[in-house]
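Full structure from sequences and hints, please.
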Amino acid sequence: MLREALSDSMPQTAQAALAVLSPDGVLLGSLLGRCSARTVRHAVPLLFSPLAQLIGGPSAKIAYAALDAFAALVTRGACDLPLLLPFLLQSPGDDEGAAGIGRLRMLARTCSRHADRSSGALLEKSIAIDSLLTRCTSALRSEEPQARQAAAELVVSIHKLSRSKKALIESWLASQPAMSPELCQDIEERFLAMLSDNCP
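Using the working numbering, you'd call the opening residue of the sequence shown number 1 and step up by one each time.
Hints were generated in silico from the structure; no laboratory data involved. Small disclaimer: the values here were computed from a predicted structure and weren't measured. Among these hints, one or two may not hold up.
Cβ-Cβ distance ranges computed for the label pairs, FRET-style [stated by the list, open to error]:
#: 1; residue 1: Met179; residue 2: Thr39; range: 42 to 50 Å
#: 2; residue 1: Cys184; residue 2: Arg3; range: 37 to 45 Å
#: 3; residue 1: Pro11; residue 2: Ser171; range: 37 to 45 Å
#: 4; residue 1: Arg113; residue 2: Arg38; range: 22 to 30 Å
#: 5; residue 1: Glu144; residue 2: Asp68; range: 15 to 23 Å
No residue lacks a Cβ here, since even glycine has one placed at the ideal position from N, Cα and C.
Structural data, given as structure tokens:
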């Protein structure tokens, strides 16, 4: 029923469903804790596809709420973050609006969080690196500074995550049309920060 409500063409219906999925909503606040882990693992992923569609929808308010629902499901342990990546990658819409920037940051956070864990190799296999880079292409040239920053963060996070395609990522970055000095400096500083974090 919740999945159908998220997919409903009426914005009010989707908003009501998202209210249930909010961090303080009924589902995450009380009902989820009463379900078995097996039931949760089976049921929660059914919500990913309609949530991803809402992120790319025309309403910024609904898109933000859908991003919050994704984050809340992860925070409450209802699902593993890597499971969300394919749905975030498939969600429509550009990455220059507020919701798109939030999506880029969530993708970057996911890659960075799992880069130094055993789950990193599995995560890298489950996603297409070129799909992640494609999401960065237009955002790197956005007139919106936050979009450029989010794209830079994602590029560096992908590089940190990848074990076997670092050269591919570096080649892709070098092949991009000239970027502003500020953006180049931002990316360089992020790479330096990543390297310093990895040094003993």
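These are the hints, each one checked on the structure:
1. Distance hint check for Met179 and Thr39: the Cβ-Cβ separation is about 48 Å, which falls inside the suggested range of 42 to 50 Å.
2. The beta-carbon spacing between Cys184 and Arg3, approximately 44 Å, falls within the hinted interval of 37 to 45 Å.
3. Taken as a hint, the range 37 to 45 Å holds for the pair Pro11 and Ser171, whose Cβ atoms sit roughly 43 Å apart.
4. At roughly 25 Å, the beta-carbon separation of Arg113 and Arg38 lies within the given 22 to 30 Å, and the hint holds.
5. For Glu144 and Asp68, the Cβ-Cβ distance of about 21 Å falls inside the hinted range of 15 to 23 Å, so the restraint holds.
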